[in-house]
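A.B. asks: Protein chains in written order, with our numbering: chain A, 687 to 844; chain B, 106 to 500.
Note that these hints are calculated values from the structure, not bench results. Be aware that a few hints might be false.
[Claimed, not checked] For each label pair, taking beta carbons as the anchor points, the in silico distance ranges come out as:
| # | chain 1 | residue 1 | chain 2 | residue 2 | range |
| --- | --- | --- | --- | --- | --- |
| 1 | A | N762 | B | P306 | 18 to 28 angstroms |
| 2 | A | T785 | B | T170 | 41 to 51 angstroms |
| 3 | A | H718 | B | D127 | 30 to 40 angstroms |
| 4 | B | E185 | A | R820 | 40 to 50 angstroms |
| 5 | A | G713 | B | G229 | 11 to 21 angstroms |
| 6 | A | V831 | B | G229 | 17 to 27 angstroms |
| 7 | B | P306 | A | L720 | 18 to 28 angstroms |
| 8 | A | N762 | B | T110 | 47 to 57 angstroms |
| 9 | A | P814 | B | I297 | 22 to 32 angstroms |
| 10 | B | R477 | A | V759 | 47 to 57 angstroms |
| 11 | B | L211 | A | L720 | 33 to 43 angstroms |
Model, not experiment: these values are computed from the prediction. Where a beta carbon is used, it is the ideal one built from N, C-alpha and C, also for glycine.
If you want the building blocks of each chain, they are given just below.
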Amino acid sequence: MSDEFDTTGDTTGDNTDPGRYVTLDLGLRFNHPLGSLRQYFDALEQGRALGVRCESCARTWFPPRRTCCDHSVAGNWTELAGDGTVLSITFGERSVPFTDEREPMSLALVALDGADNAALGWIANDPPAAPGSRVRLAVAAENTVHPAQCARFEPVDD
Amino acid sequence: MSSGTRPVILGGSATAFCRRRDGSGWRDWVCEAARDALADADLEAKDVDTLVVACESEVMALQLTPGSIIVDDLGLTPREVVRVESGGASGASAVRHAFIHIASGLARRVLVVGFEHAASHLAGDDVRLLYGLSFDADMEGIAGVTATALYALSINLHMQRHGTTREQMAHVSVKNHGNACFNPLAHKPMTIGIEDVLASPVVSTPYRRLDCSLLSDAAAAIVIAAPGEGPGGDGSRVRIVGSGCATDHARLGDRAEPHSFAAKARASAIAYEMAGIASAADDIDVAEVYDPFTGAEIQSIEALGLAGDGEAGPAMAAGDFDAAGRLPVNLSGGLIGQGGAPGASGIVQTLAVDRLLRGAYCPGAQPSQELRRGVVDTHGGICTTSVVHVLERMG
Numbered sequence: 687m688s689d690e691f692d693t694t695g696d697t698t699g700d701n702t703d704p705g706r707y708v709t710l711d712l713g714l715r716f717n718h719p720l721g722s723l724r725q726y727f728d729a730l731e732q733g734r735a736l737g738v739r740c741e742s743c744a745r746t747w748f749p750p751r752r753t754c755c756d757h758s759v760a761g762n763w764t765e766l767a768g769d770g771t772v773l774s775i776t777f778g779e780r781s782v783p784f785t786d787e788r789e790p791m792s793l794a795l796v797a798l799d800g801a802d803n804a805a806l807g808w809i810a811n812d813p814p815a816a817p818g819s820r821v822r823l824a825v826a827a828e829n830t831v832h833p834a835q836c837a838r839f840e841p842v843d844d
Numbered sequence: 106m107s108s109g110t111r112p113v114i115l116g117g118s119a120t121a122f123c124r125r126r127d128g129s130g131w132r133d134w135v136c137e138a139a140r141d142a143l144a145d146a147d148l149e150a151k152d153v154d155t156l157v158v159a160c161e162s163e164v165m166a167l168q169l170t171p172g173s174i175i176v177d178d179l180g181l182t183p184r185e186v187v188r189v190e191s192g193g194a195s196g197a198s199a200v201r202h203a204f205i206h207i208a209s210g211l212a213r214r215v216l217v218v219g220f221e222h223a224a225s226h227l228a229g230d231d232v233r234l235l236y237g238l239s240f241d242a243d244m245e246g247i248a249g250v251t252a253t254a255l256y257a258l259s260i261n262l263h264m265q266r267h268g269t270t271r272e273q274m275a276h277v278s279v280k281n282h283g284n285a286c287f288n289p290l291a292h293k294p295m296t297i298g299i300e301d302v303l304a305s306p307v308v309s310t311p312y313r314r315l316d317c318s319l320l321s322d323a324a325a326a327i328v329i330a331a332p333g334e335g336p337g338g339d340g341s342r343v344r345i346v347g348s349g350c351a352t353d354h355a356r357l358g359d360r361a362e363p364h365s366f367a368a369k370a371r372a373s374a375i376a377y378e379m380a381g382i383a384s385a386a387d388d389i390d391v392a393e394v395y396d397p398f399t400g401a402e403i404q405s406i407e408a409l410g411l412a413g414d415g416e417a418g419p420a421m422a423a424g425d426f427d428a429a430g431r432l433p434v435n436l437s438g439g440l441i442g443q444g445g446a447p448g449a450s451g452i453v454q455t456l457a458v459d460r461l462l463r464g465a466y467c468p469g470a471q472p473s474q475e476l477r478r479g480v481v482d483t484h485g486g487i488c489t490t491s492v493v494h495v496l497e498r499m500g
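Working from the sequences, and respecting the hints, build out all of it.
C.D. replies: This is the structure in structure tokens:
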């Protein structure tokens, strides 16, 4: 299912009794570990692209994978330049979890130079990017609660 | 994989798919669906060997280990219960587990129940956050990536590759909302036109509001048995002749072909081989296809082999998959028209095809031509886990 919440067409079945509800407010505090990807997240906060390279097939993964797609072994950390090409892009709105941040923003699938997979990243709507646009990894660490929220791409002229 | 036993569908039932605001809860819906399914199968609870429960999110249900609660609620203690989860495919995975139980000889009659309490009791942002965590939470969900955005990125690549158009996708919305008008369980029956879809508010390009399915509250149940274990003989019942399941990399960017659903192509190939189907496009008469978004139905039709790569969009616009087309798809309305409740969806899809093959589906939606074989397609994530079943009418 989608995560859209259009209420048009709501029905409540045959029962028109409004019933009784109690309101429960769950405030859960997680001390969430970054685990073995800590180095990737640390680098991301600095605007650096840290991927992993599989020594069995010489492929490089950014974002990193815990194991190679084809070889069930962990790779070695390797730094990429941070430049890449937009493969696909969608214009919409970004709502940042666990914050009040909400803004018009594009989400792009970006193939970083030297990587064998593609990364998701946010790009400002203006100037508009398109498939084929060249971009560079940037950092936007304000109003974030998790390093994954820092990843942005900015357009560059090649 | 081969399986000598082809399980038989004895009966089933489902609640309405909707936003429940009548004070009832998911345990009420599960009891209602299970009771009606057993009655439809002309069985009592004591006749069931095993219970399989499907539910994607126990957080949304506010009940950890729902299986152990449901087995007691249904009066099935001390029978075995197992809860399965595979995101949007949870209900279909539960049907597959019933298939496995019966094919292995471990059980004779299995009750499958699935539910989701996803639509009516949480704020929209909270639901969006929780479902974002159903993708790669650390890399994507916590960063604010949504299901809609991921599916949009995938279909944009399909559009680049194959020239699939907004109008072709809008046809899916018109068809499925229209088909839902005949389905009394449907969440969003509507008669609309292509222009309505194209003019609806943008969510995440190219997807607009009317390209998106709904989250619904619902429960569904089905009784599946070994051949000869149903009351009154098998007669013209429907049996499950093929079952396949496969996975893909969780992250879209890790896939070699992010515009297509590779897991579905693999799962359907497994199911078709088991069913002895050489050409799905020729041998399948009707299909319930997983359609969280309009473009995803087009991608799914191609992955299922019901159209060639890049051919489903033009065929959709030509009416091939309409109710009166060569291969009706989502006569129930699909997720777009009927609604989506992950634990229940795969079960209610299976029920729809069962009834269509028996000529017993909703008046107005039942095609006039005889249907012998149908496919049920469900997936979780962005087709990260795919479950496909082939159903065939006996006699």
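A.B. asks: With reference to the structure, classify each hint as holding or not holding.
C.D. replies: Going down the list of hints, with the structure as the test:
Range check, N762(A) to P306(B): Cβ separation about 47 angstroms, and the 18 to 28 angstroms hint is violated. Our hint of 41 to 51 angstroms for T785(A) and T170(B) is violated, since their Cβ atoms are close to 32 angstroms apart. The beta-carbon spacing between H718(A) and D127(B), approximately 37 angstroms, falls within the hinted interval of 30 to 40 angstroms. Checked against the given bound of 40 to 50 angstroms, the beta carbons of E185(B) and R820(A), roughly 57 angstroms apart, lie outside it.
In this structure the hint that G713(A) and G229(B) lie 11 to 21 angstroms apart at CB holds, the actual value being about 19 angstroms. A hinted range of 17 to 27 angstroms for the beta carbons of V831(A) and G229(B) is consistent with their spacing of about 20 angstroms. The hinted window of 18 to 28 angstroms between P306(B) and L720(A) is violated, with their beta carbons roughly 37 angstroms apart. Separated by about 49 angstroms at the C-beta atoms, N762(A) and T110(B) satisfy the suggested range of 47 to 57 angstroms.
In this structure the hint that P814(A) and I297(B) lie 22 to 32 angstroms apart at CB holds, the actual value being about 30 angstroms. Evaluation of the 47 to 57 angstroms hint for R477(B) and V759(A) yields a pass: the beta carbon distance comes to about 48 angstroms. In this structure, L211(B) and L720(A) meet the distance hint of 33 to 43 angstroms, their C-beta atoms being roughly 42 angstroms apart.
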